[in-house]
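S.K.: Residue-level listing of the chains:
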Amino acid sequence: MINRIRALFARNEALSFNIETLSDHDNLYDAGMTSFASVQIMLAIEEEFDTEFPEEMLTRRTFASLANIAEAVSKLARQAV
Amino acid sequence: MDTGTFTSKDLLDKLFDNGILFETGVDGLYGRSGMFEEVIERFERLVTRLGAVDKPTRIHFPPGMSRATLEKSGYMKSFPQLAGCVHSFMGGERDHAKLLGMMDAGQDWTELQQPTELALTPAACYPLYPTVAARGPVPMDGLLFELSSYCFRHEPSQDPARMQLFRMREFVCIGTADHVHAFRQSWLERGKAMVESLELPCELDLANDPFFGRGGKMLANNQRDQGLKFELLIPVSSQEKPTACLSFNYHQDHFGQTWGLKFADGSLCHSACVGFGLERVALALFRHHGPDVNAWPPAVRAVLWDA
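Those sequence lines, one after another, are chains C and B.
Under the numbering used here, think of the first position of the first sequence as 74, with each following residue one higher.
Under the numbering used here, think of the first position of the second sequence as -12, with each following residue one higher.
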């Protein structure tokens, strides 16, 4: 799953950093992800995984690292089953 | 204008009945009485007096701004639902005849208008940043501006505290992160003391902007998590949901990045602003002190009229 999320970051042109240089746990905001870029990533993830984040998950923390995003997507997938 | 419970529509009707505001047929668009305007003028003088110690550069902008500037500012990413762009007829005589025919027939004739290069100013500081950027590097000790503009936001409402066209006064500080933080902190204190000197009940609270859509929920959460926006709330149309009359915003380096606002060493500038909603403050004064300004508490009159 992390690799699918990485691929979404690699395709996003609004990001000023190369996702390949970051580990799964590096902070994406520290790397230069803006709030607007995080919204684009959120929408791209919803499309890729055919899911919808509930409002309480639309936080800075959810999108702070690849690992956090993967954990959130897994949680949504478990809830959907 | 008692202080008991009433709805925002009740307050609006009272303002009409007392000749303080005048109906235009459009929600959120009102005429103002001479006395209402005098209260605003007096309050503006108070704001200017309190800010004068920092020697801001004062600029008054018109209610319209460059549409290209609004586009570049990112406003449409955050608030597309509030924006207004100016359109005008640019056709020939044949199109004109068609327009009049459509208007007569009650059809939507506005498709015969084209966008102009103007947008309505949504906040007093939007036209400022490109003006500053065009001057070259920002001095290391920063820049401070005092701004005023009529502003537009498309949110028709019968709450008199939510007008579509209203005035905003702002101080905008451009400098290092530490500098603009200190600026905002000083105004959090000065703003509250100022409103208390007008004998208005108020409280400071963490806030967020009304960003558009589900992505906007995330932007709003980010804004709150990072403590970027505070508001000074005064009960105007509702006791339970007090109205934001002053706001204190830290933009980080958003406008620095967008407009290339940099110091001579190439590092990006941060910015912060404090905004005063002039109609909202005036409404709060009428709501709490009554329709007759001559009967307002002497201390309040002294702050506004005698200083």
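Derived from the structure by calculation, the hints contain no laboratory data.
C-beta atoms are modelled at their ideal positions from N, C-alpha and C, and glycine is treated no differently.
Heads up, some of the hints might be wrong.
[Unchecked claim] Sample of chain B residues facing chain C (criterion: CB under 7 angstroms; computed from the structure): (1) Met63; (2) Gln145; (3) Asp146; (4) Met205; (5) Asn208; (6) Arg211; (7) Gly214; (8) Lys216.
[As the list claims (entries may be wrong)] Distance windows between CB atoms, simulated: (9) C/Ile75 x B/Arg32: 33 to 43 angstroms; (10) C/Glu86 x B/Thr(-6): 40 to 50 angstroms; (11) C/Ala104 x B/Pro126: 27 to 37 angstroms.
S.K.: Hint by hint, note whether the structure agrees.
M.R.: Structure-based check of all given hints:
1. With a least beta-carbon distance of about 11 angstroms to chain C, the hint placing B/Met63 at the interface is violated under the 7 angstroms criterion.
2. The closest approach between the C-beta of B/Gln145 and any C-beta of chain C is roughly 28 angstroms, which is over the 7 angstroms cut-off, so the hint fails.
3. For B/Asp146, the suggested interface contact is broken, since its CB lies about 25 angstroms from the closest CB of chain C, more than 7 angstroms.
4. The beta carbon of B/Met205 is positioned within 7 angstroms of a beta carbon in chain C (closest approach about 4 angstroms), and the interface hint is therefore held.
5. This hint holds: B/Asn208 has a C-beta 5 angstroms from the nearest C-beta of chain C, less than the 7 angstroms allowed.
6. Against a cut-off of 7 angstroms between C-beta atoms, the interface hint on B/Arg211 is violated, since the closest Cβ of chain C lies about 9 angstroms away.
7. Contact between B/Gly214 and chain C, as hinted, is not supported at the beta carbon level, the nearest pair being about 12 angstroms apart and thus beyond 7 angstroms.
8. For the restraint placing B/Lys216 at the interface with chain C, the shortest Cβ-Cβ distance is roughly 13 angstroms, beyond the 7 angstroms limit, so the hint is violated.
9. Checked against the hint of 33 to 43 angstroms, the C-beta distance between C/Ile75 and B/Arg32 comes to roughly 60 angstroms, which is inconsistent with it.
10. For C/Glu86 paired with B/Thr(-6), a C-beta distance near 48 angstroms keeps the hint of 40 to 50 angstroms intact.
11. At about 31 angstroms, the CB distance of C/Ala104 to B/Pro126 agrees with the hint of 27 to 37 angstroms.
Hint check: violations occur at hints 1, 2, 3, 6, 7, 8, 9; the rest are consistent with the structure.
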